[in-house]
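Please take these sequences and the hints and turn them into a complete structure.
Going down the list, the sequences are from chains A and B.
According to the working numbering, the first sequence is numbered sequentially starting from 1.
According to the working numbering, the second sequence is numbered sequentially starting from 1.
To be clear, the hints were calculated from the coordinates, so they are not data collected in a lab.
Any given hint could turn out to be false.
Derived DEER-like restraints, expressed as beta-carbon distance ranges [said to hold, decoys possible]:
{"no.": "1", "chain 1": "A", "residue 1": "R312", "chain 2": "B", "residue 2": "S222", "range": "41 to 47 Å"}
{"no.": "2", "chain 1": "A", "residue 1": "R137", "chain 2": "B", "residue 2": "D133", "range": "31 to 37 Å"}
{"no.": "3", "chain 1": "A", "residue 1": "F28", "chain 2": "B", "residue 2": "L7", "range": "31 to 37 Å"}
{"no.": "4", "chain 1": "A", "residue 1": "A308", "chain 2": "B", "residue 2": "R193", "range": "52 to 58 Å"}
Derived list of chain A stretches under chain B, where covered just means 3 residues or more per stretch with a C-beta under 8 Å from a C-beta of chain B [unchecked claim]:
{"no.": "5", "segment": "99-108"}
{"no.": "6", "segment": "112-123"}
Ideal placement from N, C-alpha and C gives every residue a C-beta, glycine not left out.
Each chain is listed here by its residues.
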Amino acid sequence: MSNRAFAAVAFAIALAIAAASQLIANEFFFSAAYTVLLYVILATAWNILGGYTGYVNFGSAAFFAIGAYTTVALFYAFKAPLIVTIPAGTAVAGLAGLGLGYLTLRLRGVFFAIASLALAVVLFTFVVNWDFVGGARGAYVMQPSEVPFGLKRYIHLLFAIEVLMAAAALVIARAIETSTFGRGLAAIRDDELAAESAGVPTLKLKIISATVSGALMGMAGTTFPYYLSYIEPSSAFSLSYAVNSIAMPLIGGMMSWMGPLIGAVLLGTVQQLVQVTISSAWNLLIVGVLLVLFVTLAPNGIMGWVEAWRRRRNS
Amino acid sequence: MEFPTALLLNAIIAGLLLGGFYAAVSVGISISFGMLDVVNIAHPAFIILGAYISYIVNTHYGVDPIAVSLLLSPLFFLLGMALYRVYYLCFEKRGQESLRGLAFFFGILFITEVALILIFGVDYRTVKTAYADTTLRLGVVDFPLRLVVPFLVSMAMVVGIQLFLTHTFFGRAVLAVAQDQLALRLMGVNPVRIKELAFALSIATAGVAGAFLIVIQPVEPSIGREYIGLVFAVCVLGGMGSIWGTLLAAFVLGLAESFTSTFFGPSWAPAVSFGLLLFALAFRPAGLFGR
Chain A
1 MSNRAFAAVA FAIALAIAAA SQLIANEFFF SAAYTVLLYV ILATAWNILG GYTGYVNFGS
61 AAFFAIGAYT TVALFYAFKA PLIVTIPAGT AVAGLAGLGL GYLTLRLRGV FFAIASLALA
121 VVLFTFVVNW DFVGGARGAY VMQPSEVPFG LKRYIHLLFA IEVLMAAAAL VIARAIETST
181 FGRGLAAIRD DELAAESAGV PTLKLKIISA TVSGALMGMA GTTFPYYLSY IEPSSAFSLS
241 YAVNSIAMPL IGGMMSWMGP LIGAVLLGTV QQLVQVTISS AWNLLIVGVL LVLFVTLAPN
301 GIMGWVEAWR RRRNS
Chain B
1 MEFPTALLLN AIIAGLLLGG FYAAVSVGIS ISFGMLDVVN IAHPAFIILG AYISYIVNTH
61 YGVDPIAVSL LLSPLFFLLG MALYRVYYLC FEKRGQESLR GLAFFFGILF ITEVALILIF
121 GVDYRTVKTA YADTTLRLGV VDFPLRLVVP FLVSMAMVVG IQLFLTHTFF GRAVLAVAQD
181 QLALRLMGVN PVRIKELAFA LSIATAGVAG AFLIVIQPVE PSIGREYIGL VFAVCVLGGM
241 GSIWGTLLAA FVLGLAESFT STFFGPSWAP AVSFGLLLFA LAFRPAGLFG R
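Rendered as structure tokens:
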């Protein structure tokens with residue numbers, strides 16, 4: 001399927017889901033689905049750098065929070081609406097990815113991983129001490145009382161936006177995967193030295209990959225302050241974003257755009273159920289255990305099983 | 001305005017004492033990451049685990065937490081051996097350590113933290129020691145014993161490790177693993193075995209450092225994260241795997257944090273180590289004392 005056809009199909013499905021969701025009366029569905037979709041975007045974004053290029057980003061929460069706090073800052077400063085803050089947050093997070101990549105991607109991969117973790121803590125401390133966006137107390141961002149497009153409640157709008165964003169992330173990921181750019185990234189992942197000697201501009205490709213990945217994570221964060229009408233640093237920088245955005249692609253499979261989608265939908269749904277029925281600490285434990293189990297026992301994830309099964313059937 | 005001499009002196013002493021503790025926290029990473037090339041992101045988790053074990057024994061039997069940690073360090077040694085064996089079989093042997101190995105350790109870090117939260121909750125825990133409330137005063141300078149005792153034990157431990165690495169066959173084999181594994185194999189030494197034992201040693205130091213931590217400050221499960229940046233900052237600044245470098249870098253970091261919290265406020269202190277780490281990675285990846 002060509003990229004354009006895939007994009008048409010993806011956005012058509014997204015619009016259909018957004019329209020069909022209007023028939024659902026259960027309000028919990030929207031808040032649960034919003035969170036799952038958030039993870040679809042984060043996992044897909046993480047996979048662009050992690051799965052395609054082979055560089056581990058532990059700072060997903062930092063990029064996510066950059067998106068969220070750009071919204072808060074612009075809202076406090078100019079009462080900016082979402083239509084302004086979404087591109088702004090995406091751009092700022094992309095710039096952060098570019099900067100971090102420019103500074104550390106010329107070193108060994110592990111240094112990028114550690115620096116991404118460092119970025120999360122430095123930004124967290126910065127936001128905690130930044131009174132304009134509420135500091136450690138957090139900030140209130142009121143949902144507008146009038147909901148556009150004839151939707152019933154604001155969470156319905158957030159849900160629809162999130163569906164479209166997830167579709168956009170998947171379209172971008174798939175387009176990268178099938179392009180020359182994506183082949184360059186795969187060459188870096190498999191053998192960076194060989195790629196460099198074969199003429200792949202490795203540093204440039206890695207930096208672009210880090211920028212796109214960071215921008216998409218920031219985009220996921222931009223609507224988050226409206227979700228609960230309240231945001232505080234430790235929820236925006238929560239380690240569970242970092243863990244989930246690593247665990248989901250690893251569990252789903254890192255080689256294609258479908259892996260993070262499957263991983264995020266499965267793991268995200270399970271977590272929503274566990275959170276309601278048991279407790280949120282348990283659901284984090286489940287994610288951690290699944291991450292370790294999959295990475296040791298099934299390194300290619302669910303998509304790896306599917307591949308193996310398909311190969312066995314064909315032979 | 002009069003220059004605050006007393007404040008400055010106290011900041012220096014506090015920074016040096018803190019630096020001594022940081023050396024104990026990071027010496028394990030200098031072994032595992034600096035020498036063995038095993039990126040053990042979960043190192044702080046074992047520090048917190050050590051802190052909680054000292055806490056349990058201390059509250060039930062009243063034994064000094066540092067003594068407990070030294071007595072129990074063989075347990076941490078065995079834990080380290082087991083962990084390295086899993087890591088070797090699942091990742092290093094298959095050549096997947098760079099991505100999946102990292103994710104593995106990240107998962108271990110996360111599981112330990114959440115498990116401790118489920119068992120002990122998020123309350124801060126403290127220990128009782130004979131010296132915790134005593135502070136020696138020399139002129140205007142304070143020497144709180146809850147910092148001095150961990151400092152002294154830590155110095156003994158770090159110097160001991162350095163002597164061990166340079167003066168025994170096993171220690172030299174560890175240094176050789178860091179330089180050339182193939183050559184070591186040709187000499188008839190199994191590098192995997194050496195790495196296993198050295199990694200176990202690094203986890204054992206984490207257990208002891210955990211006892212220092214809970215003597216110095218109250219502990220709750222998620223503070224381990226703050227130490228991830230710290231241990232890697234010290235290791236990188238110290239020049240990756242040099243024990244003396246680690247010690248010096250730990251002092252630099254201790255002083256930097258002490259000055260930050262004295263003159264800018266404690267809420268900025270966590271950013272210092274990570275900020276220094278980002279700075280080091282961006283501009284001086286070979287470390288302060290690197291080639």
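Taking the hints in turn, this is what the structure says about them:
no.: 1; hint: R312(A) x S222(B): 41 to 47 Å; verdict: holds (44 Å)
no.: 2; hint: R137(A) x D133(B): 31 to 37 Å; verdict: holds (33 Å)
no.: 3; hint: F28(A) x L7(B): 31 to 37 Å; verdict: violated (55 Å)
no.: 4; hint: A308(A) x R193(B): 52 to 58 Å; verdict: violated (34 Å)
no.: 5; hint: 99-108; verdict: holds (count 3)
no.: 6; hint: 112-123; verdict: holds (count 8)
Taken one by one, the earlier hints fail for this structure at numbers 3 and 4, listed in ascending order.
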